[in-house]
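Student: These are the residues of each chain, in order.
Protein chains: 2
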Amino acid sequence: MQSKKIGKQTINYLHPVSIVSFASIVGPKEGQGPLGSSFDYILADNLDGEKSWEKTEQKMLEHSLALALAKKNYLAKDLDYFLAGDLLNQIVCSNFTARAIGTPFLGIYGACSTLVEGLVLGSILIDGGYGSRVGIASSSHHETAERQLRFPTELGVQRTMTAQWTVTGSGAYILEDNPNGADIVITQGIIGKVIDLGQANAMDMGAAMAPAAADTITQYFKDTGRKPEDFDLIITGDLGNIGRVLCQQLVLQSGYDISKNYSDCGVLIYDPAQDTHAGGSGCGCSASVLAGYLLPQIIEGKLRNIFLVGTGALLSPTSAQQGETIPCIAHGIVIQGNR
Amino acid sequence: MQSKKIGKQTINYLHPVSIVSFASIVGPKEGQGPLGSSFDYILADNLDGEKSWEKTEQKMLEHSLALALAKKNYLAKDLDYFLAGDLLNQIVCSNFTARAIGTPFLGIYGACSTLVEGLVLGSILIDGGYGSRVGIASSSHHETAERQLRFPTELGVQRTMTAQWTVTGSGAYILEDNPNGADIVITQGIIGKVIDLGQANAMDMGAAMAPAAADTITQYFKDTGRKPEDFDLIITGDLGNIGRVLCQQLVLQSGYDISKNYSDCGVLIYDPAQDTHAGGSGCGCSASVLAGYLLPQIIEGKLRNIFLVGTGALLSPTSAQQGETIPCIAHGIVIQGNR
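Protein chains in written order, with numbering that gives the first Met the number 0: chain A, 0 to 338; chain B, 0 to 338.
Don't read these hints as lab results, they were simulated from the structure.
No experiment lies behind these values; they were computed from the predicted model shown.
Some clues are possibly wrong.
Said to hold, decoys possible - Ranges between beta-carbon positions, derived for each pair: (1) B:Lys7 / A:Gly6: 33 to 39 Å; (2) A:Gly35 / B:Asn260: 56 to 62 Å; (3) B:Gly48 / A:Asn200: 27 to 33 Å.
As the list claims (entries may be wrong) - Computed list of chain B residues with no C-beta within reach of chain A, every gap over 10 Å: (4) Gln31; (5) Asp44; (6) Ala65; (7) Ala69; (8) Lys70; (9) Leu105; (10) Leu120; (11) Asn179; (12) Met202; (13) Thr223; (14) Glu228; (15) Phe230; (16) Asp231; (17) Asn260.
The C-beta atom is built at its ideal place from N, Cα and C for all residues, glycine as well.
Bound-form chain A, shown alone (with noise of 0.2 Å):
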């Protein structure tokens, strides 16, 4: 029989774990972005007609996993758990979602990482058969995330070169227990390490979580021996313009080129002539880009495997005012298509 772990931290699904049915929703900036065409709904302003941003963002995350659920005729009582996080304090977001749709529930957190937190653990459920559907969702907004974590917004802060923009974006997925003929399966997991090299600039997050990035896709590799070129494609949640280059960097210190094939969601979701500086970042950048662009691509066939990486900086405001440096983390899965 197979093992269910293999080697030091990865996670193989005997039972490959279906992605049935998954949406995004965006804010109007990442709607004008490169991906723009690609996602199921863009707001059209960052308030939505809701008084408060946090509101906004709650209405998102719930209105993402609504919309994952009506695309296979499914109510949220049809799920057996409900996973979910974001950055807001106390992760209210996701629990004023689980309130709205009375489903069984469990609050994850890892900062950006938390989309991918929650599918390896949905994929645990499936996979060990403590259930048979199950929900995940996760989201950010910029202007609750920049108030909350940095300046804001209305301040006019001057933005550093290096510091990335986070993402007005939400994403939802519905893990199944089918895989005989699913278009797309989710087949291993890794759970990362907190890495920490003592980059304390909260202005930086990219070059702080790379290396947390990069050690998880050097243990998965170890782990598996699987070779980068077994991909179509590796991608990081949002290490962005600056923590990308510093990844593969890293990466190829350990001895695995990811040059060819390797990008990065905070990367993709705007165009450097939007002004975001080193790129996308927020639970929502890789739960809008995965819903919106990646898993599409996976059904026409155009990807036929990903091994998707999130990244996680798990610093508070409190922490960093207290002197801290930024302990960061990346969780992995791996995601295959049946075409």
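Following the hints, put chain B in place on chain A, whose structure we already have.
Tutor: Below, chain B without anything else, positioned relative to chain A:
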């Protein structure tokens, strides 16, 4: 073959999971309480030599895990996974503890239900064959929680009689897959739904959380066909004096009388003379009481089985200020002794 899922929300661990080690650390006030002699270590003061209360809380979480590992002569690298969460924004105590130990890490958040969420998920990782040894920990600290979620304690704001006192404490647990001859096993878990009956007073969390606890307790009995008298003890995490009474009444309205064997960690941890008003709360409440007070009684054979229901109020200061009510959740685990 038995099913891993029973009824709507209950999980059956077919390979019962052993709690092989556990440790608790509390603050001075908790050390002076009725359970004071039960805990492994009592801080001399709320700073314990650190420069900030946040650093003290992180140290307490890290040391409780180190203590649980040391009791079995284990090192952190012997763990397959570490699951943790706490009340601080972005669960930073847990993140920095994960950084210190270098173990694959899953961040979780369920407010004061976090410990039980971790035990449910950790048991799934063991039962499902995804690992053979998992560490779980959670913490809270009176001063860090009060200044983040209510008022800085230096302000001396008068507390209402319905307010609970956030426990300074932490608990850590090591789970393994070797049930043969194990003193303590986790046999079942239940994942809660978010319940919100419209209570908006953050100074009366017990009343807000009681319906969620009652829902999970009632659902467990419905799912399994078990009855209150099947347990030596049914114990909630931190409903306190007010929430405990409400929970018992709500469960009775659903047809189950738990009055004979029901208690609450937040009621047990302080003496009424300690001026904590409605009792204890916080992630560290159930985390320290389970490790310090309950599990030793299972080992000694004084308790044969308990149903621990961790309760969490999933609000944030922002959601409260924006006029939201308090969404609450409760997760449960069934713990049995072998004596």
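Student: Confirm or reject each hint.
Tutor: Structure-based check of each hint:
{"no.": "1", "hint": "B:Lys7 / A:Gly6: 33 to 39 Å", "in the structure": "37 Å, holds"}
{"no.": "2", "hint": "A:Gly35 / B:Asn260: 56 to 62 Å", "in the structure": "59 Å, holds"}
{"no.": "3", "hint": "B:Gly48 / A:Asn200: 27 to 33 Å", "in the structure": "29 Å, holds"}
{"no.": "4", "hint": "Gln31", "in the structure": "28 Å, holds"}
{"no.": "5", "hint": "Asp44", "in the structure": "19 Å, holds"}
{"no.": "6", "hint": "Ala65", "in the structure": "16 Å, holds"}
{"no.": "7", "hint": "Ala69", "in the structure": "21 Å, holds"}
{"no.": "8", "hint": "Lys70", "in the structure": "24 Å, holds"}
{"no.": "9", "hint": "Leu105", "in the structure": "6 Å, violated"}
{"no.": "10", "hint": "Leu120", "in the structure": "7 Å, violated"}
{"no.": "11", "hint": "Asn179", "in the structure": "21 Å, holds"}
{"no.": "12", "hint": "Met202", "in the structure": "17 Å, holds"}
{"no.": "13", "hint": "Thr223", "in the structure": "15 Å, holds"}
{"no.": "14", "hint": "Glu228", "in the structure": "26 Å, holds"}
{"no.": "15", "hint": "Phe230", "in the structure": "21 Å, holds"}
{"no.": "16", "hint": "Asp231", "in the structure": "26 Å, holds"}
{"no.": "17", "hint": "Asn260", "in the structure": "25 Å, holds"}
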